[in-house]
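Asker: So the protein sequences, as listed, match chains Z and D. Just so we're aligned, residue 1 is where the first sequence starts under our numbering, counting upward by one. Just so we're aligned, residue 459 is where the second sequence starts under our numbering, counting upward by one.
Bear in mind the hints are in silico, worked out from the structure with no lab data behind them. Fair warning: there could be bad hints in the mix.
As the list claims (entries may be wrong) - Computed footprint of chain D on chain Z; a stretch qualifies when at least three of its residues, placed anywhere within it, have a C-beta under 8 Å from a C-beta of chain D:
# : segment
1 : 31-41
2 : 184-191
3 : 204-218
4 : 229-238
5 : 364-376
6 : 421-429
Glycine is no exception: its CB is placed at the ideal position from the N, C-alpha and C atoms.
Residues per chain are reported as follows:
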Amino acid sequence: MGFLEELKALLPGRVLTQEAALAPYESDALTAYRRRPLAVVLPERKEEVVQVVRLCHRHGVPFVARGSGTSLSGGSLPVEGGIVLALNRMNRILRLDPTARIAVVEPGVVNLEVSRQAAPFGLYYAPDPSSQPVSTIGGNVAFNSGGAHCLKYGMTANHVLGLEVVTPEGEVVRLGGESLEGVGPDFHGFFVGTEGLLGVAVEITLRLLPKPEAYHTLLAAYDSLEKAGDAVSLVIRRGLLPGALEIMDRLAIEAAEKAVRAGYPQAEALLIVELEGPKEEVAEEARVLEEVIRESGAYAVRVAQSEAERQAIWKGRKAAFSAVGRLSPDYLVQDGVVPRSRLGEALREIQRLSQAFGLRVANVFHAGDGNLHPLVLYDGKKPGELERAEALAGEILRLCVRLGGSLTGEHGIGVEKKAYMPEMFAQEDLFAMERVKAALDPKGLANRGKVLPEVVHG
Amino acid sequence: MVRASTLAEVVEAVRAYPRLRPRGGGTKPALSAPREGEVELALGLSGILEYEPEEFVFTAWAGTPVAEVEEALRAHGQYLPFHPPLKAQGATLGGTVAAGLSGPLRHRFGGVRDFLLGVRFVDGEGRVVRGGGKVVKNAAGFPFHRLMVGSLGAFGVMVELSFKVFPYPRATRTLRAEMPGLHEALSALERLRLLPLDLLALDLIPPATLEARLGGFPGSVAARLEGLKRLLAQEGAQRTEVLKEDEAHWEGVRDLRFLEESPIWVKVPAGPLSIPRLEALPLGPRRYLDGGEVLYAGTGPEGLEALRRAGFPHLVLRGAEDPLYPPPPEAFFAKLKRALDPTGRFPLG
Ligand SMILES: Cc1cc2nc3c(=O)[nH]c(=O)nc-3n(C[C@H](O)[C@H](O)[C@@H](O)COP(=O)(O)OP(=O)(O)OC[C@H]3O[C@@H](n4cnc5c(N)ncnc54)[C@H](O)[C@@H]3O)c2cc1C
Ligand SMILES: Cc1cc2nc3c(=O)[nH]c(=O)nc-3n(C[C@H](O)[C@H](O)[C@H](O)COP(=O)(O)OP(=O)(O)OC[C@H]3O[C@@H](n4cnc5c(N)ncnc54)[C@H](O)[C@@H]3O)c2cc1C
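Okay, chain Z solo, but in the shape it has when bound:
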């Protein structure tokens, strides 16, 4: 029996091979890249994933795990001649234990669903990528996804306590456990963020947190991006530790307004600050924040007086990415990080690059942790524009590394940024990653062609 026949025998009726059925899996949210897989398989239980991975290993067929395909860096782009393991059907919350404050989930569970199920116990799952209504925990784990609350609460890695992983050779291994503390090497922490190169996560133990008692959500309007950026520094210098500190520029505000009518004021830049914690503490912090915002030269300030008003402030921010789609037929989202104190410099330079390349750039970012999300607007139908957009995006990445930051804060390297890895890492660092990959995946089957640059030896 050939590979496909064996595969179909393993998962009867759940192996897609027809052109029309494969089309939706040809790309992730970075639609500039497309590739047709050999087949898409739809496992429903972890034993099936194990069997499929073992089959792939035996036949030397590459595989790509896929959650909801919302990766913005080509992370779930199929490999030519390989299969896609679409994990959306593995979407059960296996156990939610409020006493232990954990949730044990299958990889296809949608991020927001965890918080929904935990809510009756006063708990929630902290990492909140803007894609949380659709992206899966498996995808979040692979990418170490972030969100608006990373400065205070950390990224996905900080909320994963244990993993069951199928290694690329088809071995099943348990990493970590159910406690916040472990002994021995932190393998589950290491697995998070390796973008599916070291195996497929089939079961994930998440830590849950008590929902904060009170929020104080403030929206401030500025007549320049720099003033908004300076306000962020001021907040930090006063010793405040907000749950979220977000900035949007004029283009992003316009787009969000058109899309969801959040009722934002007209401004060159908007700053969103959210304090959270016990109500007495939040009240004291709010007084300090009020002073800071006054000093920072905001010309309009709005404080949410109710949960509905708070949600309204967040609505525009959370919709900003998709909203930009209304301003331009296509866009590339970048995800570089710079030290917080270099934000102003980075933004000025991005503006200059935007003019030099003749392409508009909208900015939405997690200012609290220096994580930029410049959206490079282009029209794929115009010859050469995609290439120009990619070149501009590349310059922004180089800029971030030059300022002491990182190529990616949360969207991963994928295929999109792998060529830039040598800008951030020395050869020895990349060799070490290659050796680890080769040791766990000697045939190079798991998410082949991602993260590691083609030519390290240069």
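Fit chain D with the ligands to the known structure of chain Z by using the hints.
Answerer: Below, chain D with the ligands alone, put in the same frame as chain Z:
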């Protein structure tokens, strides 16, 4: 013994000796005392390399004493929220990461794994490898820094580490509550864990004492302290007391002074559900930190044996030959070892 005070000397030592055991200063001798055939690598790599208070980030040599780091942070109103243990005895950053140890204040924001941002280490072949970065958020490349946490030095000698830090609360207070018995103490613990109280620390000292530490603006702390007292009274506390010595008390806890008399020191990952089973074992002085998530216990050989028989994973910090139980999962460990330390130069514990 070989001494290394620069990166180049570490590389040289690694290339020169087939079996090497790094040692920061030996606060966890079960881990750092050399065995038959091993050469002890004494690390003199000490000092802070970069510190930008406004970034909440610093980078230091791995051999830097925790005490030195904390002093520098305090000057800017900041701290290491994971509260590395054994500070007063001379614990270093490298030893803390390698052993994977966090203190009582881990309760508020998380443990050492949550605050480590980047590493530079010398692997088993003498190659210098960097993982992670120096910014508070980063998802590029394989996170070698997180692999170092709890690794006991098995993948390489850490030379440089970057951490995230936070502002230290303006005021702190501690409430101690005596509960009628273990059962009541546990149910109170479980209740407090589910509430949004933002406690800095929440410890259970068996059989029936709870200690909770609050931090924040002075006014807010005072009000929350009253609320906490009421809560604990509802839970059946027989007596509550606000500690006079707040800072000094918790420094004693993080230095594991309650273990001083015990021959064997052990760390056990726990959780409220496993506490009753742990309490049935013949352990000596002990304290559950972080809402019951981790136990530090003093014991003798029989306690260690009991932990093992009951299947509790643990790490011995002092007083036994075989520090780590159980051994790490082969499918991952053996392969990573092959990639980073193919000749097995570094022992695992
Ligand atoms: C004033 C003073 C007083 C002292 N008093 C005492 C005392 O009373 N009792 C005592 O025992 N010691 C004492 N010491 C020594 C002190 O404990 C050591 O300096 C301490 O820093 C050891 O580091 P550690 O405890 O963090 O790690 P260690 O206990 O040295 O090591 C723990 C584990 O980490 C590994 N490791 C350590 N560093 C690295 C690294 N960079 N890379 C990879 N792996 C690493 C080790 O191999 C081991 O597995 C004192 C030191 C001073 C300066
Ligand atoms: C509108 C929009 C907003 C976004 N906002 C954010 C944001 O705020 N923060 C953020 O971090 N990201 C954001 N993203 C990016 C994306 O949503 C995240 O990276 C998310 O984690 C991807 O999840 P997914 O289920 O769609 O995974 P996919 O795109 O399907 O896969 C992502 C990667 O994970 C791997 N993978 C998936 N499942 C597994 C598994 N079980 N085991 C091993 N590997 C696996 C895939 O191979 C791939 O490499 C956004 C995307 C969009 C479209």
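Asker: Tell me, which hint numbers fail for this structure?
Answerer: Structure breaks hint 1 only.
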